[in-house]
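J.: Given only the sequences and the hints, what does the whole structure look like? Please build it.
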Amino acid sequence: MHNSNLQAIDKQLRKSLLQIKECERQYFSQKLKSKFLKECDSGTSFFHSLMNQRHCQNFIPAIQRMDGSLTSSSAEVGAAFVDFYGHLLATPKVTAPIELDVIQQGTYIDVASHACLLAPVSDLDIKNALFDIDDGKAPGPDGYSSCFFKKSWAVIHEDFYIAVRDFFQTGAMLKQINHSIIALIPKSANTSSASDFRPISCCNVIYKVIAKLLAARLSQALAPIISPMQNAFLGGRLMTDNIHLLQELLRNYGRKRTSPRCMMKIDFKKAFDSVQWPFLHQLLLLLGFPSRFVHLIMQCVETASYFVAVNGSIYGFFSGEKWSSARGSSIPLPFSGLHGILLKNVMQSFLISWISVPP
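Numbering (the UniProt record's numbering), first residue to last: 1 to 359.
Treat the hints as calculated values from the structure; they're not laboratory data. Note that this is a predicted model, so its numbers are computed, not measured. Take the hints with a grain of salt, since some may be wrong.
As the list claims (entries may be wrong) - With a straight-line Cα cutoff of 27 Å, these simulated DSS-like cross-link-like pairs (lysine-lysine) come out:
| no. | residue 1 | residue 2 |
| --- | --- | --- |
| 1 | K208 | K137 |
| 2 | K151 | K187 |
| 3 | K208 | K175 |
| 4 | K187 | K208 |
| 5 | K151 | K11 |
| 6 | K127 | K15 |
| 7 | K151 | K127 |
Said to hold, decoys possible - Label pairs and their in silico Cβ distance ranges:
| no. | residue 1 | residue 2 | range |
| --- | --- | --- | --- |
| 8 | D135 | K256 | 45 to 51 Å |
| 9 | H157 | L6 | 36 to 42 Å |
| 10 | D134 | Y108 | 33 to 39 Å |
| 11 | D166 | A138 | 23 to 29 Å |
| 12 | K256 | S195 | 21 to 27 Å |
| 13 | G68 | S122 | 50 to 56 Å |
| 14 | F317 | S122 | 34 to 40 Å |
| 15 | I185 | A216 | 54 to 60 Å |
| 16 | S45 | F131 | 33 to 39 Å |
| 17 | K151 | L13 | 21 to 27 Å |
| 18 | R261 | K151 | 57 to 63 Å |
| 19 | K256 | D132 | 52 to 58 Å |
Don't be surprised by glycine CBs; every beta carbon is placed ideally from N, CA and C.
T.: Set out below in structure tokens:
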């Protein structure tokens with residue numbers, strides 16, 4: 001005889017087991033950052049072998065401090081990265097004032113664009129911004145990925161709308177929302193100092209949505225002031241186009257009958273990793289952005305604070321006083337204006353000095 005109660009219990013247990021296995025698969029898939037795991041076997045031995053391999057690749061056994069000494073202590077390795085990024089992000093530097101004559105030679109934000117920049121955000125805009133974030137993106141300090149918010153949307157959507165709209169209505173960014181974890185990606189197989197790692201800022205999902213909404217409005221307003229020669233941070237333009245153009249320009253540099261010429265390489269790290277917030281604030285106002293919108297941008301950058309993730313542990317806590325590539329990907333478009341200012345200064349040098357562009 002068949003026991004219907006036992007069959008129901010067995011069915012429920014099997015369903016629960018499948019749910020647990022799926023949760024396990026999603027956890028390791030996110031941990032490993034491997035999209036192909038969606039198609040492959042979900043055996044735990046396979047997961048753990050990949051986990052061990054990834055752990056060996058990302059583990060930092062020792063690091064060289066800023067003073068040149070070497071340390072292998074876990075706590076001291078973490079402290080070395082905190083000191084490095086604390087110095088990079090939190091130590092203010094003197095920034096040269098903006099040259100007004102250079103700004104005046106360029107274009108400005110059209111006054112007609114102010115209405116678009118200051119328009120209230122709709123619930124549909126907020127939802128589209130959230131669902132546009134990939135499910136596999138790393139979570140921020142709160143531990144919740146975009147997948148969690150999407151799966152729980154029927155329950156939390158009203159609170160999510162309120163949280164995002166509150167920022168645009170009050171102009172105040174809750175500091176807890178703007179906490180970020182700096183994850184470290186080795187630039188090469190041989191790493192010895194903190195500068196050999198590429199920092200990636202893992203932000204909270206609410207902040208990502210706010211940043212996407214601001215960036216969407218900026219992309220429409222910045223079109224008239226961005227130089228056609230600039231390809232970074234812009235949709236529809238490829239940075240590789242400039243690489244190919246440079247190769248063509250340098251093709252004849254080695255010929256004997258070519259006129260004397262040289263090439264200048266601009267250190268973008270030094271140029272943009274020392275941009276102070278007052279400089280950015282003044283630049284946005286001079287470009288014609290409404291003060292209310294500039295305030296929203298500055299709230300996103302000025303309230304940022306950071307932890308550093310090293311070997312699976314979190315170290316340090318410091319705020320940022322200037323922009324760096326670790327954070328620039330959040331709202332990169334304002335810094336397209338910085339690229340434009342730098343380009344204008346270079347071109348101005350061509351016009352007023354003995355420097356000239358080769359034929």
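J.: Hey, K151 versus K187, does the alpha-carbon distance stay inside 27 Å?
T.: violated, 35 Å
J.: Mind checking the hinted window 36 to 42 Å against the Cβ distance between H157 and L6?
T.: With a Cβ separation near 40 Å, H157 and L6 satisfy 36 to 42 Å, so the hint holds.
J.: Within 27 Å, alpha carbon to alpha carbon, are K151 and K127?
T.: holds, 13 Å
J.: Just to be sure I understand the hint, the distance between the Cβ atoms of S45 and F131 should be within 33 to 39 Å; is that true here?
T.: Since S45 and F131 have Cβ atoms about 35 Å apart, the given range 33 to 39 Å holds.
J.: Is the Cα-Cα distance between K151 and K11 27 Å or less?
T.: holds, 24 Å
J.: Can the suggested window of 33 to 39 Å be confirmed for the beta-carbon pair D134 and Y108?
T.: holds, 35 Å
J.: Can the restraint linking K208 and K137 be considered satisfied, given a maximum Cα separation of 27 Å?
T.: Given that 27 Å is the threshold and the Cα spacing comes to 11 Å, the pair holds.
J.: Could one say that the CB atoms of K256 and S195 fall in the range 21 to 27 Å?
T.: Given a distance of about 40 Å, which is not inside 21 to 27 Å, the answer is violated.
J.: Could you say whether the range 54 to 60 Å given as a hint is met by the Cβ separation of I185 and A216?
T.: 27 Å Cβ-Cβ, so the 54 to 60 Å window is violated.
J.: Given a hinted range of 57 to 63 Å, is it respected by the beta-carbon distance of R261 and K151?
T.: Roughly 59 Å apart at Cβ, these two residues keep to the hinted range, so it holds.
J.: Is the Cα-Cα distance between K127 and K15 27 Å or less?
T.: violated, 31 Å
J.: Determine whether the Cβ-Cβ distance between K151 and L13 falls within the hinted range of 21 to 27 Å.
T.: Holds, since K151 and L13 (Cβ atoms, about 23 Å apart) stay within the stated range.
The structure does not agree with the numbered hints 2, 6, 8, 12, 15 stated previously, though it agrees with the rest.
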